[in-house]
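Undergrad: So the protein sequences, as listed, match chains A and B.
Each number in our numbering corresponds to the 1-based position in the first sequence with 35 added.
Each number in our numbering corresponds to the 1-based position in the second sequence with 35 added.
The reader is advised that the hints may include incorrect statements.
Just a few of them, taken from the derived set where beta-carbon distance is under 7 Å, the chain B residues facing chain A [to be verified]:
1) N80
2) F81
3) W303
4) K307
5) I308
6) I309
7) G340
Sample of chain B residues with no beta-carbon within 10 Å of chain A, all distances over it, derived [to be verified]:
8) D42
9) Q49
10) R50
11) A69
12) S100
13) I129
14) P142
15) T167
16) D184
17) D201
18) D207
19) A323
Covered by chain B, according to a simulated footprint, are these stretches of chain A (three or more residues, beta-carbon under 8 Å) [what the hints assert, rightly or not]:
20) 179-187
21) 298-304
For the record, the hints were derived by calculation from the structure and aren't laboratory data.
We put the beta carbon where it would ideally sit given N, CA and C, even for glycine.
There are 2 protein chains.
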Amino acid sequence: MNTLSPDALHAARQRIAEAVHHTPVMHSRALDAAADARLFFKCENFQQTGAFKARGATNAVFSLSAEQASRGVATHSSGNHGQALARAAAARGIRATVVMPETAPRPKIEAVRGYGADIIFCAPTNAARQTTLDAFVADTRAEFIAPYDDVRVIAGQASCAAELIDDVPDLDAVIAPVGGGGLISGTALTISALAPHIAVHGGEPSAADDAARSLESGQRCGNDAPQTIADGLKASLGAITWPIVRDHVTAITRVSEDEIVTAMRLIWQRMKIIVEPSCAVALAAVLAAPEHFANRRVGVILTGGNVDLDRLPW
Amino acid sequence: MNTLSPDALHAARQRIAEAVHHTPVMHSRALDAAADARLFFKCENFQQTGAFKARGATNAVFSLSAEQASRGVATHSSGNHGQALARAAAARGIRATVVMPETAPRPKIEAVRGYGADIIFCAPTNAARQTTLDAFVADTRAEFIAPYDDVRVIAGQASCAAELIDDVPDLDAVIAPVGGGGLISGTALTISALAPHIAVHGGEPSAADDAARSLESGQRCGNDAPQTIADGLKASLGAITWPIVRDHVTAITRVSEDEIVTAMRLIWQRMKIIVEPSCAVALAAVLAAPEHFANRRVGVILTGGNVDLDRLPW
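Extracted from the complex, chain A is given alone in its bound form (with noise of 0.2 Å):
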């Protein structure tokens, strides 16, 4: 799946448009400034659940047969995708369950369990996630939704840069924060199906930079372990999603975790809007890369805005 037709796209931004919000676009004339660029700032921090995650976990729980649903969804997140899915499953009235790791930010784990889910906690390694979730789908035979590597949930993502391609007109270019590639997946596709003209960016944190080092090696690449403040991105690409990155993605643009930092204040304080480190990524990326972004129209998409207040990067 390197392609999604149009009708495709559509049918699956029709299946959720109830479920999920139409996200505002917003502006700021000081951070136009510091970037030279006009910048139009694509808010999922205000979507439900906080995050874009919504959008793919709603279209995957809304394209399963009723067969399928009776046997309830499953999932490990170390939050937004959890919580996504879980909000998703109670508003088809299908059961969920998150396998997170004990180091979940608090507040994620509680908004998880607001929404109904059951959770399963497991040691905080990639390898106890897939072990705890592979034996309770074996046991329950539930549906299995993996956050990103999964088409149902791409083509969800895709419906966020469809909105803005609607709302804003004459884009040079979209950008977007990159950890396992499903919401820049989705963005390329609904890009390259109906605004082929406009340039598909990444930002990463060099600190997990998979997928800057898949595209410029052509060979998809992993993270060992990687620290950074970014924690909604320190997934690898997967099968699905890196053969579309690698064929519809311009660049992908590194940042340090200083540069992730100075972006997210830079938000919080001119836009007084509350964002994510992950999500600061995107901006923090268009300031380090003048030569993809000055003097061109960008979208940028602020991808979450669930922070934990009491544990702030500064």
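Keeping the supplied structure of chain A fixed, place chain B upon it in accordance with the hints.
TA: Positioned in the frame of chain A, the structure of chain B alone reads:
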């Protein structure tokens, strides 16, 4: 001046329309559920300079004759009014001077400087502010634009409620925080002229409750060196704002410091927007007084978002 005609309100709104934002109205199902009401948040934290004060200061500066303007403008302010006046003066191309207490939050000092105003620091007492300002005005014949007790300022603040009732039909009540009374007076004048069936409410820190005491006693009271986290609400009603409050405000609800912080965190967490403590007083009052607000459609004016991110109250 206990009323303003629809024409006078309209003229002020038109005068500032190009220089300030028509701010958005936001919703939150979580906060609706917490208040058992339907809340419409008027987001002045997204206003120019990060606070509604831009409206009043702009109307005052844009109302000056060319001769008055040539002498420049001056005020005393611990924060948002100073920024607003500095920006309004810059927009008109005239000089602004702001007397600020040495203890003013650093971001507010930097913002005033950023708009190109001159700052004169004084001791952090009302007496020192006034003496310093009086000396400067006597010396330069600059036009004093008071933070709230000024008809031009009040008429500018009135534009906020005018936008709100344009954008949200069938409100039952509007609530604003009360400091010196400029915003609540402007709000009351708009509502009494254009939508007199809507109840006008105020919220006030218990620690600076001069308006509540004034309304209860029928006599204008003052605050004596109030200690509250809501630093924008320490001022007392003025000679102009008091009779407007007396004649048009239904009730003023007192809230504790804890209630202010709780409301502020709720807004940050649930709405993903940044508001300052003074701003959170309106929601705190809605939550504290269900007898006034439960099951009603309530416009909540979020007054500003200028917070020192290094000194959060939790």
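Undergrad: For which of the previously enumerated hints does the structure constitute a violation, in increasing order of number?
TA: 14 and 20
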